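Participant: So the protein lines, in turn, are chains A and B. Those letters in the first sequence? Residues 133 to 352, by this note's numbering. Those letters in the second sequence? Residues 4 to 292, by this note's numbering.
Because the hints were derived from the structure by calculation, they are not lab data. Treat the numbers as computed from the prediction; the structure is a model and nothing was measured. Every residue gets a Cβ at the ideal spot worked out from N, C-alpha and C, and that includes glycine. A few of these clues could be false.
Said to hold, decoys possible - Per the computed footprint, the stretches of chain A lying under chain B, defined by three or more beta-carbons under 8 Å from a beta-carbon of chain B, are:
(1) 139-153
(2) 180-188
(3) 205-211
(4) 252-265
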Amino acid sequence: MRGVFDIVGPIMIGPSSSHTAGAARLGLMAGKILGEPVAKAEILLHGSFARTYRGHGTDKALIGGLLGFSPEDERIRDALDIAKERGLDYSFAPVDLGDAHPNTAVFVLTGINGRKITVGGASVGGGNIEVRNIDSFQIALTGQYPSLIIVHTDKPGVIRDISDVLAKHRVNIAFMRVFRRNRGQQAMMIIETDEELTEDIIQDCRSTGVIENAFAVPAI
Amino acid sequence: MVNFNSIKELIELAKENKTTIGKITMEYEMEHSFDSKEHMLKSMEDNWRVMQESIERGVSNKDKSLSGLTGGDAIKIYAHRDNSYTGKTVMTAAASAVGVSEVNAVMGRIVACPTAGSCGIVPAAIKTAAEKNNNTEEEIVDALFTAAGIGLVIEANASIAGAYGGCQAECGTAAGMAAGAMVQLAGGTPDQVGHAVALAIKNLLGLACDPVAGLVEVPCVKRNGFVAVHSMVAADMALAGVESVIPVDEVIDAMDRIGRSLPRTVKETAEGGLALTKTGKEISKRVFG
Chain A
133 MRGVFDIVGP
143 IMIGPSSSHT
153 AGAARLGLMA
163 GKILGEPVAK
173 AEILLHGSFA
183 RTYRGHGTDK
193 ALIGGLLGFS
203 PEDERIRDAL
213 DIAKERGLDY
223 SFAPVDLGDA
233 HPNTAVFVLT
243 GINGRKITVG
253 GASVGGGNIE
263 VRNIDSFQIA
273 LTGQYPSLII
283 VHTDKPGVIR
293 DISDVLAKHR
303 VNIAFMRVFR
313 RNRGQQAMMI
323 IETDEELTED
333 IIQDCRSTGV
343 IENAFAVPAI
Chain B
4 MVNFNSIKEL
14 IELAKENKTT
24 IGKITMEYEM
34 EHSFDSKEHM
44 LKSMEDNWRV
54 MQESIERGVS
64 NKDKSLSGLT
74 GGDAIKIYAH
84 RDNSYTGKTV
94 MTAAASAVGV
104 SEVNAVMGRI
114 VACPTAGSCG
124 IVPAAIKTAA
134 EKNNNTEEEI
144 VDALFTAAGI
154 GLVIEANASI
164 AGAYGGCQAE
174 CGTAAGMAAG
184 AMVQLAGGTP
194 DQVGHAVALA
204 IKNLLGLACD
214 PVAGLVEVPC
224 VKRNGFVAVH
234 SMVAADMALA
244 GVESVIPVDE
254 VIDAMDRIGR
264 SLPRTVKETA
274 EGGLALTKTG
284 KEISKRVFG
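If we strip away everything but chain A, and leave its shape as in the complex, we get (with noise of 0.2 Å):
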């Protein structure tokens, strides 16, 4: 069962939960996972994002939270003029991901230190989203509790001493997958927390080995 705040809420910008608060939570989610303010987006959209994103505003919302805004921040409605203001370089083209989910953008990001980062999520109904890739990880994040994103080497122990980190500072795990392209490659670790993630917590994260990098997603 959801939540009241589901049901009267949320405070949004219209005029469609999935089409504009959902793709602006996904713009904003991708920024998070970026880390850093986008210089280049270069957006693909798939299924009824790519026939009616004009008719929504989808494409406002979708820069709208790479931005920064948030799904009621009425600077929505202008993003495309703010974003050419802050220079960020955008553009939007269809593409056919098959059987994916209608409704699903996919961010190849450029930030401006130079950091590059490819965001795949679907808007799932309601404004709710999952972020369904990272790079080519297939992964599922919904962006409503704080998530801790490891990249790492795929080796035993690894979970073991990050859930160490996370217990010192007395963080609590809601929820945790793990994702490898192949044994003992390369793996990604996606942990959703109760608490907030500190720097420090990071920070211990990193020092633990075999991690390639470690960063902290805010909830949106």
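Could you slot chain B onto chain A? The hints should help.
Facilitator: Structure of chain B alone, referenced to chain A:
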């Protein structure tokens, strides 16, 4: 632990504890979300503030939507309210609901209630009731929790999404929420709230979701005005002592079964009904090429 799976259980809990359905709903949410009472009240006050702002902007809105299909009707209805057949109260409610829905269509800020497509109904109904009864903000917030409790049960036992249940799931649910909240704001009993919900939903069963070009505009924007008034009639009948022959939870079950058996062409696909009219198709072609 407070728990309910039906409107009947909500009503019984409210009666046993000599309180409102809203208070029971808030108790339930506190236990399930680990949220504090203060924070929840603040969040609902924020919702009410945004609802009021959207009504104010709505009844004076001259902006057009991205497609150009809607915008500027609420202000006309509002100007006509003193000369209307239905009277000032009813026309003001209709203008408010259409206005909020226009604000949604022009990418303004609204409260989805339960959805963006049906966002004008509950605010318009509650504002109408609160003005007539001189309700306090505390009573209004409690009525919004009552509306939320009704919506939660419908979501659990049927659907609040047009894509699953047709428009009866969106505007029908909003009508039930609005009617129940209005009864409570007038000092009606929990049983009367239940009858109002049943009456409101029963008379919108089977409603198609067939938006032109797939946009939340035609018929959605004006429908919000009609359904706000519909919910007022349901509340008035319940307050007058009229009872629904079919109990409210059975009405919700009927809504669920009808929703499942509706063809997909009238479940938000824009492949049936008004969307497939000659004009509907022309509009779709003009907007999307």
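Participant: Which numbered hints are broken by the structure, listed smallest first?
Facilitator: Failing hints: none at all.
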